[in-house]
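Protein chains: 2
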Amino acid sequence: MDDKAQIQEAIKTQGEVVRKLKSEKASKEQIDEEVAKLLQLKARLGGDDGKHQFVLKTAKGTRDYNPKQMAIREKVFKTIISCFKRHGAETIDTPVFELKETLTGKYGEDSKLIYDLKDQGGELLSLRYDLTVPFARYLAMNKITNIKRYHIAKVYRRDNPAMTRGRYREFYQCDFDIAGQYDGMIPDAECLKIVYEILSELNLGDFRIKVNDRRILDGMFAVCGVPDDKFRTICSTVDKLDKMSWEDVKKEMVNEKGLSEEAADQIGEYVSMQGGMDLAERLLQDQKMSQSKQACAGLSDIKLLFSYLQLFQVTDKVVFDLSLARGLDYYTGIIYEAVLTQAGVAPVPAEAQNGAPAEESVSVGSVAGGGRYDGLVGMFDPKGRKVPCVGVSIGIERIFSIMEQKAEASAEKVRTTEVQIMVASAQKNLLEERLKLVTELWNAGIKAEVMYKKNPKLLSQLQHCEESGIPLVAILGEQELKDGVVKLRVVATREEVDISRADLIGEIRRRTSEA
Amino acid sequence: MDDKAQIQEAIKTQGEVVRKLKSEKASKEQIDEEVAKLLQLKARLGGDDGKHQFVLKTAKGTRDYNPKQMAIREKVFKTIISCFKRHGAETIDTPVFELKETLTGKYGEDSKLIYDLKDQGGELLSLRYDLTVPFARYLAMNKITNIKRYHIAKVYRRDNPAMTRGRYREFYQCDFDIAGQYDGMIPDAECLKIVYEILSELNLGDFRIKVNDRRILDGMFAVCGVPDDKFRTICSTVDKLDKMSWEDVKKEMVNEKGLSEEAADQIGEYVSMQGGMDLAERLLQDQKMSQSKQACAGLSDIKLLFSYLQLFQVTDKVVFDLSLARGLDYYTGIIYEAVLTQAGVAPVPAEAQNGAPAEESVSVGSVAGGGRYDGLVGMFDPKGRKVPCVGVSIGIERIFSIMEQKAEASAEKVRTTEVQIMVASAQKNLLEERLKLVTELWNAGIKAEVMYKKNPKLLSQLQHCEESGIPLVAILGEQELKDGVVKLRVVATREEVDISRADLIGEIRRRTSEA
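Protein chains in written order, with the numbering used here: chain V, 1 to 515; chain E, 1001 to 1515.
So here's chain V without its partners, still in its complex pose (with noise of 0.2 Å):
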């Protein structure tokens, strides 16, 4: 039977899940819950009963948006798109699968998290894993060379996510690119303005954008001595540096991955180090860095970049960051991550913007991030031309993580509708007029609600506008249909006064216009 079937599933789901905590030497009280969990699931297959049993869950790693959550996500959506229609962004939408072989190849060691489809004849596809290769495969596809477009979706990755820090296999990015051949470091400034312009505006605490450039990795991993074979095992070494301590980061480069200590501690030396347009033109003159082209090719970029975000007046929050890596392979130049650094507690330091190495920063996790890829298109065109491209993706997830945090903690109350007005009645026998009255405001495009039943109680009517916040409630009752008015209550002030009902669609727009 499919519901035999089903239940044996959830066993060994369950049964994976308490192997997990165990081995992880979670806490007696987790472990017995899940075990208790485990036991009731057996002993559902034991007694079936034929009755349908599901387990009440959504997938792991993923979750419902419920209406407050959604009300939060709503407004930080409004403020990021405002953002970039600003900068004149045109938006495009991409189906949630591609084929297999559209993503395959793309993301490093990473591909593993890809979600594929079942086969049930027909292509093999996977869930899309970021916005930016299905946006190659358009760019591709349709020949276009010029676009600036963003879009904001869900993408799929089968990672283990610690979702109280908001990592989910599910999540949107918000991601806005700017593709063609343009001259040098022009869009990669805006892309850095716009992470600016949008951090600032959702005010989640200071923030700071460390940007570095993939020609500036690799030549140093050259000059220090690293097999070319080996830049991007070592470069994915370096990315673990915001969570990992340098001793750490060493160690598996010279054990893991068999890098001479002499290159490690090399490597060592230029990680450490951050700044502003002046470090770019300190490491051009360094003895070392200054042989490698590619290197000096990032340097004069970084400078230029920071000339522009310097019109942009931006750069109080950017750094020049040497032991900025980022996972991915499609980067080819300019590579930047914004991170929230505690409120208070580590701000850019002022030394920062001078070249001198900033304190260890408290950081509370990447916020944004992206790059230049100019390869990735010419991976699809079937001539392999290019198409240069820039972008930033936007980590909704950690930002609705932390204004939910903010809205629970406010005593403000969110509300999830927009109800302006509740059509009421005092006494029995009125559904008709007030369905009469709800639609002549629904038919003049007020928002209003009227109770689904034939004779509510007044104080339930009421007690409805207080826990969702609608401001006014239109009361009718046999004397006010007598007179031809409505009795318009306030609900914040319990303040009550007839309106006619030749008035009362302007005085509830008057009452209720947001100024």
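Don't take each hint at face value.
Unchecked claim - DSS-like mimics (lysine-lysine), calculated; alpha carbons at most 30 Å apart, straight line:
1. E:K1413 with V:K293
2. E:K1012 with V:K143
3. E:K1068 with E:K1078
4. V:K85 with E:K1413
As the list claims (entries may be wrong) - Under 7 Å between C-beta atoms, here's a sample of chain V residues computed to sit facing chain E:
5. T13
6. Q14
7. V17
Bear in mind the hints are in silico, worked out from the structure with no lab data behind them.
Cβ coordinates follow ideal geometry from the N, Cα and C atoms, glycine included.
Following the hints, complete the assembly by docking chain E onto the known chain V.
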């Protein structure tokens, strides 16, 4: 090699395409074209030169949305969402995939169209088939007994879609549902009011909303002598009446489903009936029909429904139509479906209001549908507690298709950005000045663009404005900089006027504010 596997997969897919075309007796040109593609692929496999080669397409039955389509989509969503909000709905979101068992057994015969994810270890997952079952799962899981919510998101069906008619394997649904124990037919009537408002506001031409009730259908089947165990299958045959003639439907009932000719003929008589409240009254008196308690309950509710629809002022488009069946298993009461009647060709005839059969009109397909499903939430509740629900789903893809055709036919250009002004220069070496000015504008909230070139030609800057509908240009030159002004050019009229830098932002706002 991975590449090779990809090409082999592509060959397999392409082979299927060719076979399908041949079996469908497609045109010779079409078959030749696809065979050519197949040969190309095979050639590539032979002479694999190691370069990455991709089949550049989206998955079968899916499509990208380009910026113009997105602009139309945004407009349609805005209309629909503002209607949902006017009626006081909250919104929620659920993951794109659910545990497979959540979807199992909810869709009847259509279950074979569900997309499953590959078993990569862990839970068995499927893509959501609609938004209704996840909604029911959400209610049961969170023990919610009252909510009015809308949900706009993509759903997935492994159908063989006719994409030219706006049908896809990945498509949007826009659902509005009211859950809760309320007095009869009030929320049901509001759902129809909402369909009426949305279809009117979208200006898609004339439409009609057919209503029926599952209990009337079941009662009708009973009194016509359909055996109990054939209700569902006969119901799904009746559902084909909008695509097949009665003769063919009857043939299917008698020949394929083994119904007696007599029973079929009796059904045939009923399903040809259309009307309004008085048809319900007439059928309540009908000798046969009145023998079914179920049918009588349904007919009384239809009467009550029409009395509310009169108060809502929507009866001119609503028809009680006994041929309406709808496929899904979960409906328990009233069902409805809105169809566009080709504008001007066949509006709802006046007699339809009076209970006489309406003339057949050319249907261009359903654009909304829904009904009452009082048992679905109970299927998820461990104790089977029911939450009565009624809802409607707007068939947004077909609406997009129509709006797109309209936009193409109309002379008016669809703007894909909202940029108010372009910051341009008439001379060389003014990049810094342009970046400074555009920063001022962005910081003031003006939607502005600048070309990413050091020295763009004025002509190409103006051309970009023409192409993308930007109404204003701020032109900088040596003289303007000296005088502390900007030359403001109106793209449409070519009028130019000098504006002081201090007044510029106010002037832009004045000239681009929507009246």
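Hint check against the structure, violated hint numbers in rising order
1, 6, 7
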